[in-house]
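Chain residues, written in single-letter form:
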Amino acid sequence: MRLGWVMLIGSILTRGFVLVLLCLLALMTYYLNLKQAYNNPRLVELSHGPVARSAYELADKSFAYFGDPLEIAQANGGMTWSIRIAGVPFTDPVAALSVLAKDHRWEVGFAAGLAVPIFLALTFGRVFCSYVCPASLIFFSIARLRGLLSKWFYFPEIRVSRGLAWGLLVGGLVLAVATGHGAWALLLPYFALGQTLFHGIAMGTLSVGLGSLLVFAGMDFFLGRQFTCRHVCPTGRILGWIGRRSVFSIVRAPDACIDGCNGCADVCPQAVNPRLNETLDCSLCGECMIVCPAKCLSVKPRLRKSPCSSIIRTLIIAFCLLSFPSPLAAHHFKGLPHYNYFENYPQVPEDEFLGQAGNYEMSLVAYDFQGLQRENVQEPGNVRLFLVIFNMLDSTVYKGKLTFEILDDGQPVHSKFFRNAELENLYSIHHELPDSGEYSIRLTLHDAGDLACEIPFRLSSQQTHWGRWIGLLLLVLMTITAVGARKARLNVDRKEARKQNSNPDEEIK
Amino acid sequence: MGGLIRKIDRGGFFRAFGVGFLAPLLLLLADRLPGTARLRRYLRPPGAKPEKDFLKACIGCGQCANVCPNKCISLAGLEKGLGELATPVITARAQACILCMACTQVCPTGALSRLEPTEDGRKAVRMGTAVVSEEVCYSFAGRTCGVCYRACPLPGQAMKLGLYETPKVNAEHCVGCGLCEQACVHMPQAIRVIPANQLEERRAS
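Chains Z and B, in that order, give the protein sequences.
Taking the working numbering, the leading residue of the first sequence gets 1, the next gets one more, and so forth.
Taking the working numbering, the leading residue of the second sequence gets 510, the next gets one more, and so forth.
Hints may contain errors.
[As the list claims (entries may be wrong)] A short list of chain B residues far from chain Z (calculated; beta carbon distances all over 12 Å): (1) Gly521; (2) Ala595; (3) Leu663; (4) Glu709.
[To be verified] Coverage of chain B stretches by chain Z, computed from C-beta distances (three or more under 8 Å per stretch; other residues unrestricted): (5) 525-533; (6) 579-592; (7) 636-650; (8) 669-679.
[What the hints assert, rightly or not] In silico DSBU-like pairs for lysine-lysine, Cα to Cα no more than 35 Å straight-line: (9) B:Lys669 x Z:Lys300; (10) B:Lys558 x Z:Lys300; (11) B:Lys669 x Z:Lys35; (12) Z:Lys102 x B:Lys589; (13) Z:Lys401 x B:Lys558; (14) Z:Lys102 x B:Lys669.
Simulated from the structure, these hints should not be mistaken for lab results.
This structure is a prediction, so every number in the text was calculated from the model and none was measured.
Note that CB positions come from ideal geometry on N, CA and C, so glycine has one too.
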């Protein structure tokens, strides 16, 4: 079938493109190096020869087309495991799981990098395997080689339960926690390939990833057709699971299908059996459509009673998942940036409290030494209060005598007399305050006719953590959507099962 | 269509799961390989978190090594142990960090915290501290050298010169970029950067 060929050739081309891209990214380190060191084609030629010069000039021109070459070049980088193309991050779901398992929060960009892979998996299924994964191109070639050699040799065809890949995923996570995330470089074929290419091209060394790649290739050659993709790769397994209800999938026309033909199942690189109307793991590579003699296979959106609702549900869950990290990590006050503060850098202003008496406006900032993670700091009760008193009548700052009292439930717990304002016209006070009190400060401005004013204030740890509630809400929303989706699916399945039972010719084993 | 729920063989599933679960753990044996004396003295890229947190966060994606215009970041192989496989490593004597901060801008997981290539950004780096071997150094033997001082990105602060250009490292300001170590003309080197993670270990012990 024509579409099958288009898909197959397209998949080979895109995977080849990814492979070339990885090589180019590795070569880019040379370009960056020359750019940084010489920034001049003539100097490049003098020190590295005319070939280097022409390559350098070509890269320079093509990058310059988009903007500053150094910046543009540095907007791309990484490997299949986590990569940025034109500044857009892509994250491997396994990398994300591994980071979570190792007790490290996702960075926002890292989590956002999951959006495209998960969306693709939800819409098209395991398309990563056929259209992106550069390692699968190798396994594809090995499968062809097996086909060629099968005239003279016998090749076994071992089939293993899906448990193997799930086990590898869990075992890999345990290994990553026990050692480091780098262990995945040996367990994931595409990661091993990326490592091999980068080590070989950019660093001129042999990567240990090559060894693991050879093991995978050996398994493909000796154990079974596309053994790694079918039974070993944990990423393929997890993507297949995410996309198990993908919108687009392979669809069989049962009337045209020929009994006794098993071509589609034999050729499938992901061990899907279209004859059983299976669609789990389908990567839309088009191979089965090519071999099918009856032309009974096609790619169609899966028709359900309401295909739209499943998309909406999927989008809701994806949205909730993606917006999950931000409320939990939210701690910024008035958009203040971090300026590379340490995790517990004390002087992140937690809140600002205003009070007014007479012509004076008092603004109090609590530099809450509880910091971002109060439980981990050395002095958890440490609070620093900064006060500026503004005279609204003549737009000046009050710098005179002041009595500064901290009240807990109306009872003074600390008091200090200032003869005048300190550095930068501030009054500051530093005190230990537990987070259980009802605090306020009482100010007496002695140079303004003993004017008194009371400003209630709260410490950061007393405040409601709205982020947690929003996170909980997202979780509830996600659960409701997921449960609803599952119920709807079960209903559809039941209806179809009933329909099929009433028609014994179409019974499914 | 439909029939999406395939009957699975539960026993087979769990057996295969067990095999799959145990197989990666065999890789732990790689750590027991004899031979290569592991060079423990290497630097992490600028902005790297303390070693423990760094290894928690670093997924070995190689983006830092990819954007490094100085080609000083390399990715570790098995010689540093399985736990540090594919993590970025700087060997200062071979190629030291020029503190351009490109790697800190691209790290996807926050293993390297973001720094700007400004004076303040450079000062915030804590890769290690340079240590001079006075018994070896040319200048301390009266042969005026001062090469390390000229290589230092924070001259006068991280490193000061005495008589005959004898280097004196101010540990408080030294960021540990390793440019002095790379530049040192004495062979074997007379100045070396003790990585921050080893300083931590030393302080702990």
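Would you check the hint for Lys669 of chain B and Lys35 of chain Z, treating anything up to 35 Å between C-alpha atoms as holding?
-> Distance ~32 Å between Lys669 of chain B and Lys35 of chain Z Cα, so the pair holds.
Mind checking the alpha carbons of Lys669 of chain B and Lys300 of chain Z for me, to see if they're no more than 35 Å apart?
-> 72 Å, violated
Starting from Lys102 of chain Z, check that the Cα of Lys669 of chain B is at most 35 Å away, please.
-> 42 Å, violated
Against chain Z, does Gly521 of chain B keep a CB gap of more than 12 Å to every residue?
-> Nearest chain Z Cβ is 4 Å from Gly521 of chain B, so the label is violated.
Beyond 12 Å from every Cβ of chain Z: is that where the Cβ of Ala595 of chain B lies?
-> 4 Å, violated
Within 8 Å of chain Z (C-beta), three or more residues of the segment 669-679 of chain B = With 0 residues closer than 8 Å to chain Z, the segment 669-679 of chain B misses the three-residue bar; violated.
Can the segment 636-650 of chain B be counted as covered by chain Z under the rule of three residues or more with Cβ-Cβ separation shorter than 8 Å?
-> With 0 residues in contact (Cβ-Cβ under 8 Å with chain Z), the coverage given for the segment 636-650 of chain B is violated.
Quick one, are Lys558 of chain B and Lys300 of chain Z close enough, alpha carbons at most 35 Å?
-> Violated, because 49 Å separates the two Cα atoms, which is more than 35 Å.
Holds or violated: Lys401 of chain Z with Lys558 of chain B, Cα cutoff 35 Å?
-> 46 Å, violated
Status of Glu709 of chain B, Cβ more than 12 Å from any chain Z Cβ | Given a closest Cβ separation of 15 Å, the condition holds.
Three or more residues of the segment 579-592 of chain B near chain Z by CB distance under 8 Å?
-> Three-residue rule met by the segment 579-592 of chain B, so holds; n is 10.
Is the Cβ of Leu663 of chain B farther than 12 Å from every Cβ of chain Z?
-> Holds: least Cβ distance 17 Å, greater than 12 Å.
Hint compliance for this structure: hints 1, 2, 7, 8, 9, 10, 13, 14 are not met, and every other hint is.
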